[in-house]
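Asks: Residue-level listing of the chains:
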Amino acid sequence: KQEVTQIPAALSVPEGENLVLNCSFTDSAIYNLQWFRQDPGKGLTSLLLIQSSQREQTSGRLNASLDKSSGRSTLYIAASQPGDSATYLCAAAAGTALIFGKGTTLSVSS
Amino acid sequence: GAGVSQSPRYKVAKRGQDVALRCDPISGHVSLFWYQQALGQGPEFLTYFQNEAQLDKSGLPSDRFFAERPEGSVSTLKIQRTQQEDSAVYLCASSQWGRTGSYNEQFFGPGTRLTVL
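First to last, the protein sequences are chains A and B. When we follow my numbering, the leftmost residue of the first sequence carries the number 6, and every step to the right adds one. When we follow my numbering, the leftmost residue of the second sequence carries the number 54, and every step to the right adds one.
Hints may be right or wrong, so weigh each one.
Taking beta-carbon pairs under 7 angstroms as the criterion, some of the chain B residues facing chain A (in silico) [what the hints assert, rightly or not]:
id, residue
1, A91
2, Q94
3, D109
4, A141
5, E158
6, G164
Simulated from the structure, these hints should not be mistaken for lab results. Glycine included, every Cβ here is placed at the ideal spot set by N, Cα and C.
The following block holds chain B by itself, in its conformation from the complex:
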């Protein structure tokens, strides 16, 4: 079946522009996660949704970052007034169940590479 998809795959923005990144999780998956991966680093958690509810946004680096999942499926990560330090790969992941559970495997999309000039 189809995996997690993300669009666009690449995005170049001028400093100060707003960007929107889209994630389509695996159909029926309850949980959706956003991660940020800087060059040469492991991914770092940004935010978590269980269905349409945003249960954890502790990893969002500033109030310029905003995420939503209004119907419990597709999610959008929005970054306002982009800065150069926002340049990174943004990864989306989904899992079948809610956040707890030792069997809860996360499946990742290909990521969106954001470059802020």
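Here chain A stands alone, though its shape is the one from the complex:
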């Protein structure tokens, strides 16, 4: 059974720092891996999708990598801003649905 773990559970950084969020999964047989952002009381906003054959994807200040053999993905956020404060969720596509981690709650202070 696929399990997804995210470390750390919470992170507080000052504005301008570069940071890395970690995601690990137990079964390497995945179709893709998605990173989402969730603001309090809101739904999920898709940030990046990495296909199983890809190693990384970039969108603006965000870069996500995927290493299927080790069961790991990282989300790199460059030059963090207060507006980046939210919960970040990774999800592995295996079988029918997405399997989610519990998320990393990020707080960026000005």
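Starting from the known structure of chain A, fit chain B onto it as the hints suggest.
Replies: Same frame as chain A, now just chain B:
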């Protein structure tokens, strides 16, 4: 274009009442998913539709939960005889293609927050 929409956004029910939650997926999307998100947790899969066919309902927690998508577009998640443990956010997602495929990105609605008193 319009994203996934859900209604109502908030629902308060007394224990034992029946509720119906609606999802309007992105137009033309083949796949539709329902997830349940408890406080402080990641979403958990409930059920999956490919067009009007319910292909996977392995995540439905009990026979009180029922979902349908009769015309392959709008979907309704119904919960009968609600219990306090049903309190959660119910998220709907859609994707353009069928369930397999590394390019199959899921897009989520804002969710319905259900509170059972």
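Asks: Compare the structure with each hint and give your call.
Replies: Each hint tested on the structure:
{"no.": "1", "hint": "A91", "verdict": "10 angstroms, violated"}
{"no.": "2", "hint": "Q94", "verdict": "6 angstroms, holds"}
{"no.": "3", "hint": "D109", "verdict": "4 angstroms, holds"}
{"no.": "4", "hint": "A141", "verdict": "13 angstroms, violated"}
{"no.": "5", "hint": "E158", "verdict": "5 angstroms, holds"}
{"no.": "6", "hint": "G164", "verdict": "5 angstroms, holds"}
In this structure, the hints that do not hold are numbers 1 and 4, in rising order.
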